[in-house]
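Starting from the given sequences, assemble the full structure and let the hints guide the process.
Chains as they are written, first to last, in our numbering: chain A, 1 to 503; chain B, 1001 to 1503.
Treat the hints as calculated values from the structure; they're not laboratory data.
Some hints could be false.
[Said to hold, decoys possible] The following residues of chain A were derived to be distant from chain B, with all beta-carbon distances above 12 Å:
1) D181
2) R216
3) P322
4) R463
[As the list claims (entries may be wrong)] Restricting the straight-line Cα-Cα distance to at most 20 Å, the calculated cross-link-like pairs of lysine to aspartate or glutamate (DMTMM-like) are:
5) A:K134 to A:D416
6) A:K54 to B:E1048
7) A:K379 to A:E145
8) B:K1493 to B:E1348
9) A:K134 to A:D374
10) A:K342 to A:E191
11) B:K1054 to A:E27
12) B:K1134 to B:E1348
13) B:K1054 to A:E48
14) B:K1134 to B:D1416
15) A:K54 to B:E1027
16) A:K497 to A:E477
The C-beta atom is built at its ideal place from N, Cα and C for all residues, glycine as well.
Protein chains: 2
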Amino acid sequence: MPDAPLSDAYHNLEARFRRIALLGEAEAVLHWDYAAVMPTGGAEARSEQLAELKAISHGLLVGAETSDLIAAAKQNITNLDAWQAANLREIERLHRRSSALDEAFVTKQSRAVSTCEQAWRRARAESDFSIVAKPLEELTELVREEATRIGEVFGLDPYDALLDSYEPGGRAANIDPVLDDLAAYLPGFLEDVLEYQASRGPAIMPEGPFPEETQRALGIRFMGVLGFDFERGRLDVSHHPFCGGVPDDVRITTRYDENDFTSALMGVLHETGHALYEQGLPQEWRLQPVGSALGMSIHESQSLLMEMQVCRSPQFISFALPIIRETFGGSGPAWEPDNILKLYHKVERSYIRVDADEVTYPLHVILRYRLEKDIIAGKLATNDLPEAWNAAFKELIGIDVPDDAQGCLQDLHWYDGDLGYFPTYTLGAMTAAQLYQAACAAHPDIPASITRGDFSVLLTWLRDNIHGNGRLLSGAELLTRATGRPLEAAPFKSHLKARYLPD
Amino acid sequence: MPDAPLSDAYHNLEARFRRIALLGEAEAVLHWDYAAVMPTGGAEARSEQLAELKAISHGLLVGAETSDLIAAAKQNITNLDAWQAANLREIERLHRRSSALDEAFVTKQSRAVSTCEQAWRRARAESDFSIVAKPLEELTELVREEATRIGEVFGLDPYDALLDSYEPGGRAANIDPVLDDLAAYLPGFLEDVLEYQASRGPAIMPEGPFPEETQRALGIRFMGVLGFDFERGRLDVSHHPFCGGVPDDVRITTRYDENDFTSALMGVLHETGHALYEQGLPQEWRLQPVGSALGMSIHESQSLLMEMQVCRSPQFISFALPIIRETFGGSGPAWEPDNILKLYHKVERSYIRVDADEVTYPLHVILRYRLEKDIIAGKLATNDLPEAWNAAFKELIGIDVPDDAQGCLQDLHWYDGDLGYFPTYTLGAMTAAQLYQAACAAHPDIPASITRGDFSVLLTWLRDNIHGNGRLLSGAELLTRATGRPLEAAPFKSHLKARYLPD
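Here it is as C-alpha cells:
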C-alpha cells in the first residue's frame, strides 16, 4: 500500500475491515463446502458456525467504535490517496447500511424469511400460491420497512435503497429508460427471430452419453484457455452452479447431464467469467472493501461477456468444436459448426427464466423488475401477484402462463426477501455487450484471436478496465471510462441483431 | 440439557464456550479444506483466515470476563449436575492453560516454530542435523519455558505439563512403569517373532494395478460395515491421512497406491476408528468442552482397536477377503487368507516409525519418549540428540541408524515444538488391547460376529463405554470403569503373543 501519511483512525479502520473480510472469507469457504461437499448431517452445525461468524463480523461492522473511527478518518481525508479515500467511502457505506437496522428487526426479518422460504417450497411443489400468500405479505411488509429505513439513512427512495445493496449507485430512474427501450424493442424482434429460425429448421442434439469425467476435463481445458488460474481456484459440482471462494482461491461449480454436454460446458464458461473477475481484483487491496467486486451487474457482465458475447460466438465455436468433437469422438451432421451454433443460438418463448435464451431472458427480468417496484411502492398487493404476473407475461412474452409453479412461484428471490436484485441480470447483459464492443474497438484483432483460442488481449483489457479497479469507481464511472459512454441498450440490441437475424 | 437450576454464571460460560467451539469447528473445516482440496495459491489467505479465527477464540478464552464467570460459577457448583460440573472443570482447565502464556510469548514461540520447521525441512532433505541444530535449541528453550509456566499454574512437573495438553491427567510417573515393562519385554519377543516368521517364508504381494476409484469404493464399503455414518461424514484424499471435521460431519482422508491396496485399506479402517469416536460423542453436549474427545491416547485407542485388534484379525480377514478378491478380481496363492494375514502381520526391524509394524512401533515410541523427557528435564542437550538417538535405537531396536534423515530427523513433532505427544501412540495401542479384551469378555460372541461383518455389538459397547462419555471422566476413570483395571501392558502383550507367535 502507498506510503502517504495516514491518519491513525484510517489505519485502524483498515485493520478492522481486514478482520471483517477474513471472517467473510471463512464464511465463503464454509458456504462452498456446504454446497459442494458437505454431507446432509452437517447442516445444523454449519448454519450455527456461519451464524457465529456473521454475528462477530456484524459486531465489528456496526460498533460505535467504527462510527468514531470513520468520523475521525474523514477529518483527515485530504491525507488519503484516491484508493484510500474510495476505501473509506466503501467502509462508511457498509457501516451505515448495516447500522440502519437494529438487531431486533434483523432477527424478526430473518425469521420471516425462513417461514416464507419454507412455505414457498410447498407452494411451488403444489403450484398453489395461496400456501405462501400470507408469509409473503408479512415478509414483504418487513422488506418495505427495511427499504424505508435504509432509504432514510442514504436519502434514497425505498426501491433504490434495496437496489443499491446489489448495485451500488444503481437508481431506478436510470434503469427505467434502458429497460423500457428493451421492452419496446424485444417483442417485435423476438417475432422476427422465431420466424427466421423456423425457416432454417431445428437443430440436432448430438447423441451421448457424455461421461461426467470427460465433460469435466473438457471444462477444465477451456477454463485454462480463458485464463483461469488453477493455482488459485477449482471446478467442482453443486446442484445450483455458482462462483464462490475467495479471490486467491476461487471455487466455481457446475452440474452435468450425461445426455447433453452443451449446458454444463456453457455453464462452466459463464462461471469462469465471474471467476476471472475475482482472480483479477487488485492484489494490493485484498481484504479491504475497495478491493472487492463492484456490484452484481458488473459481476454478471463478466460472466455474460465470456459466455454470451465470446463463447457462443462463431469465432469461439470454430476454435472449440474440433476439440469438443475429438474429446467425445463426435461425427456426423449434429457435430457440424452450423448445427452447434443453431443449438447455442436457439430462441423460444418459455416460462422459466433460468432456462431462457439470451433474447427472451431480458423480458423475464423486466417483468420481475416492474412487479417488484410496484410491490415496494405499495401499488401491487402481494395477493394480486399471480394475476399481475400472468397479465404481464402475456404482454411481454406473448404466452399464457399455465400455472403458478411456472409463473410467479418459479424463483426463490422474493420469497427470500430479495427484492431489487432482478434488474442486475439484464443490466449485466447490456454491460457485457457494451464492454465487448469497446474491447473490440480498442483491439480489432480480438475476434480473430478468439478463433485461435487466444484470450490474452481480451483478458488484459478486462484486467485493466474492469477487474483491477475493484470498487475504486462507481459502476457508471467505470463503464464510462471503459467504453466512453454510460450504459445504453444499443450495443446489446446490435449484438442480438447480428447474432439472431440474417445479415 | 438438564433442567437443574443453573447459576447465571455457568449459563454464560456455556454460551461463551459454545461460541469458542463454533469458531473451532469453522477452523476444523478450513483445515480439512486446506489439506484435501485447496489449491496452493489459497495458502496465504487461508493462514490469515485461521489466524483471525484463532485470535477471536483466544480472546474469548482468556479474557478477564471468563475468569470472573468461572469464579462465580464455582461458587454455585453444588447446583450443577455431574455433566455440568465436569464441563466447568474442563472450561477452567482450558482457560487456565491458555492464560498461562501471554501474547508476546505465544508470538515469539510461533515464530520459532516456523523458523525451526523450515530448517527441519532442509535438514531432513539433506540428512544434515547441523542445519536445524540452532533453531531446535532455541525452540526447545521456549518449550521448556512454556512447560515451566504451565507447570507452575497446575502444580505439575514441566514434562507432565506438556503431556497433559495431549493427554489430560497423563503423568510420566504412571506411564514409566508400563512403558518400561514393554521396553523390557519387546526386544526378546521381537527376536522370537522374527525367527518364527523366517521359518514360515515371505508373504507374496498381490499384483495390481488396483485403480484408485476401486480402492475408494472398497474403503467406503468397509467404513459402512464398521458403522461410519455417511450422512455425517466423508472420505477424501490428502497427503497425510487424518481424521478431521466436526462430530456431525467427520472428514477422514487417505492416500492410494495403485500397486498396493493393502495400505490404504488399513489406513481407512484406522481413520474410521477415530471417526466412530467423534460421531459417537454425546449429542446433548455438542459444542461444550465436556462433549469433546478425551485425549490423544483414548483417540488413538479407538483407531488402533479397529485397525489392529479387529481389522487385522483372522476373523475380519475371513469376512473381508472374499469381498476384496471379488472387487479386484484377485486369484491365486497371493490371495489366500494365510498369505494376506502374513502380509498384514509382517514384522521387521526398520528405521521409520510411521512405516513400523505393531510389534516394533512401541520401541520407536519409547525411544522418543525417553529422549524428550531428558530434553525437557535439561539432561539432554539438543546438540547431542543424533548421538543419543542412535545409541538408544541400537539398544531398543537392535540396528545401526544409517543417517539422521532415517534417525532423529524423521518426525516433525519436536521441530514443531510438540514435545509430550509421542507416548500417546503406545498408550493408545495398549488401551486398545485392554478395551477389546474387556469388550470380548462382556460379549464373547464379538469375534464370531466380526467374521459375519457384524460390528453392532462391538460398536454399542464402545458407544456406551467410551464414545458417549466425552470428557465426563478422566482417562484413568474411563478405562477402569470400562475394563475393571487401570492401564496395564499385559493385554497388549498377550495380544502380541497370540497374533505373532505359534500357539
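Results for each hint:
Listed as a non-interface residue, D181 of chain A keeps its Cβ farther than 12 Å from every Cβ of chain B; the least gap is roughly 42 Å. Annotated as non-interface, R216 of chain A keeps its C-beta farther than 12 Å from every C-beta of chain B; the closest such distance is 14 Å. For P322 of chain A, the condition that its CB be more than 12 Å from all CB atoms of chain B holds, with the nearest at approximately 29 Å. R463 of chain A, annotated as away from the interface, keeps every beta carbon of chain B farther than 12 Å; the closest lies near 17 Å.
Simply put, K134 of chain A and D416 of chain A have alpha-carbon atoms about 14 Å apart, close enough for the 20 Å limit, and the pair holds. Restraint check for K54 of chain A and E1048 of chain B: the C-alpha separation of about 17 Å stays at or below 20 Å, so the hint holds. A hinted pair counts as satisfied when its Cα atoms are at most 20 Å apart, and K379 of chain A with E145 of chain A qualifies at roughly 15 Å. Distance restraint check for K1493 of chain B and E1348 of chain B: the Cα-Cα separation of roughly 17 Å lies within the 20 Å cut-off, and the hinted pair is therefore satisfied.
Among the hinted pairs, K134 of chain A with D374 of chain A is consistent with the structure: their alpha-carbon atoms are about 18 Å apart, no more than 20 Å. Proximity of K342 of chain A to E191 of chain A is assessed by CA-CA distance (about 17 Å); at most 20 Å being required, the pair is judged to hold. In summary, the hint linking K1054 of chain B to E27 of chain A is supported, as the alpha carbons are separated by about 15 Å, within the 20 Å threshold. For the hint pairing K1134 of chain B with E1348 of chain B, the CA-to-CA distance comes to about 34 Å; that exceeds 20 Å, so the pair is violated.
For the given pair, K1054 of chain B sits about 17 Å from E48 of chain A by alpha-carbon distance, which is consistent with the 20 Å threshold. A C-alpha spacing of about 14 Å is found between K1134 of chain B and D1416 of chain B, which places the hinted pair at or below 20 Å, so the restraint holds. A C-alpha spacing of about 15 Å is found between K54 of chain A and E1027 of chain B, which places the hinted pair at or below 20 Å, so the restraint holds. Of the pairs offered as hints, the one joining K497 of chain A and E477 of chain A is violated, with about 28 Å between alpha carbons and a cut-off of 20 Å exceeded.
The earlier numbered hints that this structure contradicts are 12, 16.
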